[in-house]
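With chain A fixed as given, assemble chains B and C onto it according to the hints.
Protein chains in written order, with my numbering: chain A, 127 to 299; chain B, 1073 to 1449; chain C, 797 to 964.
It should be emphasised that the hints constitute simulated quantities derived from the structure, not laboratory data.
For each residue, glycine too, the CB sits at the ideal point set by N, CA and C.
One or more hints might be untrue.
Just some of the chain C residues that point at chain A, by a computed CB distance under 8 Å [claimed, not checked]:
| hint | residue |
| --- | --- |
| 1 | L825 |
| 2 | P826 |
| 3 | F830 |
| 4 | S831 |
| 5 | F832 |
| 6 | K834 |
| 7 | D836 |
| 8 | I840 |
| 9 | G841 |
| 10 | C847 |
| 11 | M850 |
| 12 | I851 |
| 13 | L854 |
| 14 | V903 |
| 15 | S905 |
To list a few chain C residues with every Cβ distance to chain A over 12 Å, as calculated [said to hold, decoys possible]:
| hint | residue |
| --- | --- |
| 16 | W838 |
| 17 | V844 |
| 18 | L846 |
| 19 | E884 |
| 20 | E913 |
Straight-line Cα separation of at most 35 Å, DSBU-like style, residue types lysine-lysine; simulated pairs [said to hold, decoys possible]:
| hint | chain 1 | residue 1 | chain 2 | residue 2 |
| --- | --- | --- | --- | --- |
| 21 | B | K1302 | C | K834 |
| 22 | C | K929 | B | K1139 |
| 23 | C | K919 | B | K1177 |
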Amino acid sequence: MRRRLAYDITRTAILLALALVLSILEAWLVPKGILPIPGFKLGFANIAILVTLYCVGRKEALLVAVLRSLLLLAFGGNIVGFVFSLLGGIAAWSTMCVLSDMPHVSIYGVSIGGAAAHGLGQILAALLLTRTVYVIGYLPYLVLLGSAAGGLIAYLTIPIVKALDHIGNEMIQ
Amino acid sequence: MIKTCVSEYSSFFRPDSPEKTGSRAFAMSGSFSSSCRFPSCIRLLAVILAGMFLLPFSGCTKRREPKAELSLFAMDTYVRLQAEGEDADNAVKAAASLLSELEQKLSRTLEGSEVSALNRSSKDSPVTLSEDTYRLLSSVCEYAEKTEGRFDPTIAPLMDLWGFGTEKASVPDEKKIGETLARVDFRRIHLLSENQAYVEEGTQVDLGGAAKGFIGQLLMEKMQSFSLSKIILDLGGNICVWSKSSSLSVGVISPLQSDKLICICDSPENENLFVITSGAYERYFEENGVKYGHIMDTRTGCPVVTDLLSATIIGSDGTSGDILSTTLFALGCEEAKAFAVKEKIDCILCAENGTLWVSSSLEGKVHEQEGWTIRYF
Amino acid sequence: MSKRGGQSDISDSGRSGSAREKQLDNSKLPARNFSFRKGDFWVIGSIVLLCTIMIAGLAIYGQATRSRSRYVRITQNGRILMERDLQEFQDPVEFRIETDAGHMVIVISSEKVYVKESDCADKICVHAGDLTKIGDGAVCLPNRVVVQIVSGSGDAGSSNGEVDVVAK
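For reference, chain A alone in the conformation it holds in the complex (with noise of 0.2 Å):
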């Protein structure tokens, strides 16, 4: 039990570097303008989140998303980029768990909801910060969008999570 428990903590950290990582590669990535409001992000970050939610747990895969985005609001983010990503991330969550734990759902379906309930949860950032019902009208757009990046997400964890689970096995026998 002890050994677990050490064994969970360290690969929640690792996935927490991971999801650092994927955030500020995003922000290089994905060009600048494409997305309408500054502050808003697809969430590639979420292959951590997801991978935590597969491999370690729920309540890990919650301290990454909420950690990630005070981390990076750490590393010289800025308030609003933090409130985007933590709404966001806690939307994204939220919506994976639920999904995660029904029957008939693959990752996909996981992966896609947590995408666009990031979306849902940008927006709801947007309205609060901006105070302006106008974002409404990005949100079917980055819905779409970030769902869209969700299937590629679900399509790209899928080895991660085999592979954990397959070092897991092999370090327990």
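For chains B and C alone, kept in the frame of chain A given last:
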């Protein structure tokens, strides 16, 4: 989608036997449903959070309530009365008639008003004022005392001398200013018992500096006796709002650009909020390239020289708000801050360098607009 | 999903002694469904459906607000002198009003309305500058003239997303 799964969840949560409660029971929960793989608290949290993100988007079906709006010229200004709720129409009409009634009493320019009668009074023949007028006059004198005369209700002759509000606005000569200034002193107003009062020879009382706030307050009281959900009063830019169950946002105009705001204030629910701004950006005249604002310095008899662009009072009392916004503006930034702290006034001081000095008690309730930065004191 | 569900109720991985428990305990983790399933189509379907509805709704709403044209309303002593759609003023028009205090000149074009001249003393109406949005207004007290931009329905309330009222 999420809605359906919430209902599914509620059936999952029912433990199969009543004694199976607590965390242990949930650790074993896999036995009654193949889907329950997670500790329940986390699952519950997830469902609640997912639901919360949908909430703001569902609350769009609000019943529209009757609205009423009335605009009129009164108190030498443009007044807009807006109300929302069952009785909106009656409330607005009642407020309008109260407004003209009060104007009849408080205006200096109307011959038959109580203030005109007061200005004609003398020690031997004091006038009896109505309850409202006497109340306003005594609180005006009280604030004049508090501000050590920086706010003075007897400033009117000086305003006339400078010609504010007329075609012939110009800089008068110093000797005349000195002569007029001698008659400007609130101590020359004498309040007697039984609502009686008189002024000394040559002194003119003008309650204009406080009347709009005072009237706003009375109008508010009047309208609140009707069944309403929202009231917005705009007495020539002096704002008073009240909303039963929602917050209203009140913008404060930029002294530099009349189509921009410096900040937005949120009103508390079910409480009166007065937002009253003073500045010299709207009423002024220019002579030889110098702008002369309409707010007078009672010490020099000239328009005030201040490092503030505007001063805004946020509070639940209209009378004091109207008086003090003018005073704070005249005091200048540093003195105004000290005065506001001493008198526990919530205010927004708009300084020339683009800084908004905001009372720390207003933290979180005031949101700056582009080009302005808030600093709390 | 249900493959692993029935096998073990024991969430504690401490009992890893028996051969069957030599697997990593994943009973607390989501099922390893790595290929498309029925539920996925429901998820995708509902997202697409909701987005389509929303896009359609926004399009209809946008159409409705765009047709909410701006009117200029000029009143004197509470009497409406004119109320016309700004679209009618493709070329700027100077609107002259004679009042007790003198005269006023108001310039109306399809983009904006402003008070150009006024015989009043303080010129507050001229200082008010360009009126562009629904809810904007210029008031001239001596002339008792109010120039407002209102919506087609005559609503002079402030425009969407802006504040409820402005303190001046």
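Determine which of the earlier numbered hints do not hold for this structure and return their numbers in increasing order. 9, 14, 15, 16, 17, 18, 21
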